[in-house]
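Participant: Keeping their order, the protein sequence lines are chains A and B.
Under the working numbering, the first residue of the first sequence is numbered 1, with each subsequent residue one higher.
Under the working numbering, the first residue of the second sequence is numbered 168, with each subsequent residue one higher.
Don't take each hint at face value.
Reference excerpt, derived from the structure (chain B facing chain A, CB under 8 Å, subset only) [unchecked claim]:
| hint | residue |
| --- | --- |
| 1 | F205 |
| 2 | R254 |
| 3 | Y267 |
Calculated lysine to aspartate or glutamate pairs in the EDC-like style (CA-CA distance at most 16 Å, straight line) [unchecked claim]:
| hint | chain 1 | residue 1 | chain 2 | residue 2 |
| --- | --- | --- | --- | --- |
| 4 | A | K128 | B | D258 |
| 5 | A | K30 | B | D275 |
| 6 | A | K128 | B | D262 |
| 7 | B | K274 | A | E36 |
| 8 | A | K128 | A | D22 |
Read the hints as simulated data drawn from the structure, not as lab findings.
Backbone N, C-alpha and C fix where the C-beta goes; we use that ideal spot for every residue, glycine too.
Letter by letter, the chains look like this.
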Amino acid sequence: MAKNSTDTATTGPELVITRIFDAPRRIVFKAWSEPEHLMRWWGPHGFTCPVCEMDFRVGGRWRFCMRSPEGNEEWQQGVYREIVEPERIVFSYAFEDVNGVSGLSGWKPGHQTTVTVNFADHEGNKTKLTVHQTNFDTVAVRDDHVRGWNEALDHLADYVVSDSAKS
Amino acid sequence: MSPDLNITFAALADPTRRAILARLASGEASVTELAEPFEMSLPAISKHLKVLERAGLIARGREAQWRPCRLAAGPLKDAADWLDHYRRFWDESFDRLEDYLRELQKKDENNGKK
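Between the sequences and the hints, there should be enough to build the whole structure, so can you do that?
Facilitator: Written as structure tokens, this is what we have:
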């Protein structure tokens, strides 16, 4: 695997993203657990995080504002479910407004996802970070871990995109 | 406009249904044609088609006897968008985190916290 690239895998209705960071996990964990650090990196390129409220304890709420380069704001919020320093953070994650920057169709405001962040030591002083995001409420769906889901979906998405371009 | 993403993902969670969708990506087909590659009865396939139809992933023709199935684009694109959105979100956030950690680490060392 490439050292600095992100590995993305989708098994079933979930997203798993792994990346190696060249910093000890104490530092990486800190970047996730203190607002003055988190607001420096949260969000895609060009975005800023002007508001970053977090009550970093189990049951505590977090609420971030993400501002796009065009100045559009999108609010995200959730609750910390599990905190094991410096190993794991689990939190719920929802968008407040369907008309936010992401412009996701099919997205409902308040639609919850769950994010699990794992911090593992890697080759001495590095950290292997794994983010696991799930979207689904139903047990039937959550328990279905079918391989190849990603390829099937990508394949179909390609088809759909080319198809809608035609019409 | 489109059904809940949960319904879309639930429909996509089954390998048979994904195979059916993949087949339909190359053109419309009858239930019999769709059933061919599977060791499954027609009623069983029909059940899968109903799930896909309810999720808005396929549409079926009105012709009485062979109601051809075809792929419906909307919900599938929503599902792909959902994943793409988050892939991009995490990927780009991690680029920034990488840069920021360098800064943070330097500060940490300067504080004499060895």
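Participant: Indicate, hint by hint, whether the structure satisfies it.
Facilitator: We went through each hint and held it up to the structure:
A distance limit of 8 Å between C-beta atoms decides the matter here; for F205 of chain B the minimum to chain A is near 15 Å, and the interface restraint is violated. With its C-beta approaching chain A no nearer than about 6 Å, R254 of chain B sits inside the 8 Å limit, and its interface hint holds. Interface hint at Y267 of chain B: satisfied, since its Cβ lies 4 Å from the closest Cβ of chain A, which is below the 8 Å cut-off. Of the supplied pair hints, the one linking K128 of chain A and D258 of chain B holds, its CA atoms being roughly 14 Å apart against a limit of 16 Å.
A distance of roughly 11 Å separates the Cα atoms of K30 of chain A and D275 of chain B; the hinted pair therefore holds under the 16 Å criterion. Distance restraint check for K128 of chain A and D262 of chain B: the Cα-Cα separation of roughly 14 Å lies within the 16 Å cut-off, and the hinted pair is therefore satisfied. Between K274 of chain B and E36 of chain A the CA atoms are separated by roughly 14 Å; this keeps the pair inside 16 Å, and the hint holds. Distance restraint check for K128 of chain A and D22 of chain A: the Cα-Cα separation of roughly 9 Å lies within the 16 Å cut-off, and the hinted pair is therefore satisfied.
Going through the hint list in order, the structure does not satisfy hint 1, though it satisfies all others.
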